[in-house]
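Chemist: In terms of the numbering used here, the sequence shown opens at residue 57 and continues consecutively.
None of these hints come from the bench; they were simulated from the model.
Some hints here could point you the wrong way.
Unchecked claim - Derived pair list, reagent style DSS-like, types lysine-lysine, alpha-carbon separation capped at 30 Å:
hint	residue 1	residue 2
1	Lys201	Lys156
2	Lys161	Lys127
3	Lys161	Lys234
4	Lys234	Lys222
5	Lys61	Lys127
6	Lys122	Lys62
7	Lys201	Lys177
8	Lys204	Lys227
9	Lys156	Lys127
10	Lys161	Lys177
11	Lys234	Lys201
12	Lys62	Lys89
Unchecked claim - Taking CB as the label site, the calculated pair distances span:
hint	residue 1	residue 2	range
13	Glu190	Lys61	39 to 49 Å
14	Lys62	Arg155	25 to 35 Å
15	Glu123	Asp151	11 to 21 Å
16	Arg155	Tyr80	36 to 46 Å
17	Gly125	Val65	32 to 42 Å
18	Arg192	Gln235	18 to 28 Å
19	Leu132	Tyr152	23 to 33 Å
Yeah, the Cβ is synthetic: ideal placement off N, Cα and C, and Gly gets one too.
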Amino acid sequence: LEVSKKCMVLIDEAYYEFVDDPSYGSMIDLVRKGHKNILVSRTASKIHGMAGLRIGFGFAHADHIKEIGAKGTGSLSILAITAATASYQDNEFQDYTRRKVRESKLIVEDMVQELGLKTTKSHANFVFFDTGRELRSVNQKLLEKGIKVGRPFAPFDTWSRVSMVKPEDMKYYAQTYKQLFG
57 LEVSKKCMVL IDEAYYEFVD DPSYGSMIDL VRKGHKNILV SRTASKIHGM AGLRIGFGFA
117 HADHIKEIGA KGTGSLSILA ITAATASYQD NEFQDYTRRK VRESKLIVED MVQELGLKTT
177 KSHANFVFFD TGRELRSVNQ KLLEKGIKVG RPFAPFDTWS RVSMVKPEDM KYYAQTYKQL
237 FG
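All chains, please: the whole structure from these sequences, using the hints.
Modeler: Here you go:
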């Protein structure tokens, strides 16, 4: 909060909807309490599955919203706005997505634990774990089996960030990973 007295602070809550901890609060409350230099953003890319539409929203003091609006934020199609509006109102779909992501994460977390690998606690739709190997070669071997995993995140060159997809696909991932590296 001290920094926000001197400059704008952007808080990205892209994965907020995946957090299971009831004590976890949104930083939007800071904006509501009058902290003028805090901007909280959310995206429809994650739980809503709309990455290609490039749509989300932000909370900030009214003066900053006016300033951002005056500068322009790019163009949005009516399709993107309509789809995002429908998705944000569809709690059943969001609950379904959370359940499937939890199920998929459990498959990968069990694999990581079974193999004795280090991992971080994830409140998002991915698992981040240390393969113990150079990640580019791990990814190449997985790609040969039809599995594409994201790039390394320096300086964590042996850590893999695996985004969740359908549980049946994550079962294939876990089986293949164990066959190759277990």
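Chemist: Compare the structure with each hint and give your call.
Modeler: Now for the hints, and whether the structure bears them out:
1. With a C-alpha separation of about 23 Å, the suggested pairing of Lys201 with Lys156 holds against the 30 Å cut-off.
2. The suggested pairing of Lys161 with Lys127 is violated, with an alpha-carbon distance near 40 Å, which exceeds 30 Å.
3. Distance restraint check for Lys161 and Lys234: the Cα-Cα separation of roughly 16 Å lies within the 30 Å cut-off, and the hinted pair is therefore satisfied.
4. This hinted pair checks out: Lys234 and Lys222 have alpha carbons roughly 19 Å apart, not beyond 30 Å.
5. Our distance criterion of 30 Å between C-alpha atoms is met by Lys61 and Lys127, whose separation comes to about 23 Å.
6. Taking the CA atoms of Lys122 and Lys62, the gap is near 20 Å; set against the 30 Å cutoff, the hint holds.
7. For a cut-off of 30 Å, the pair hint linking Lys201 to Lys177 stands: about 27 Å separates their Cα positions.
8. A distance of roughly 14 Å separates the Cα atoms of Lys204 and Lys227; the hinted pair therefore holds under the 30 Å criterion.
9. Proximity of Lys156 to Lys127 is assessed by CA-CA distance (about 39 Å); at most 30 Å being required, the pair is judged violated.
10. Distance hint between Lys161 and Lys177 is fulfilled; the C-alpha atoms sit about 11 Å from each other, no more than 30 Å.
11. As the CA atoms of Lys234 and Lys201 are separated by approximately 12 Å, the hinted pair is consistent with the 30 Å bound.
12. The hinted pair formed by Lys62 and Lys89 meets the criterion: a straight-line CA distance of about 17 Å does not exceed 30 Å.
13. Checking the proposed 39 to 49 Å range against Glu190 and Lys61 shows it holds: the Cβ atoms sit about 44 Å from each other.
14. Between Lys62 and Arg155 the CB atoms are about 42 Å apart, so this pair departs from the stated range of 25 to 35 Å.
15. Hint check: Glu123 to Asp151, Cβ distance near 36 Å, so the stated range 11 to 21 Å is violated.
16. Taking the beta carbon of each, Arg155 and Tyr80 are about 18 Å apart, not inside 36 to 46 Å as hinted.
17. Range check, Gly125 to Val65: Cβ separation about 20 Å, and the 32 to 42 Å hint is violated.
18. Checking the proposed 18 to 28 Å range against Arg192 and Gln235 shows it holds: the Cβ atoms sit about 19 Å from each other.
19. Range check, Leu132 to Tyr152: Cβ separation about 26 Å, and the 23 to 33 Å hint holds.
In summary, the numbered hints that this structure violates are 2, 9, 14, 15, 16, 17.
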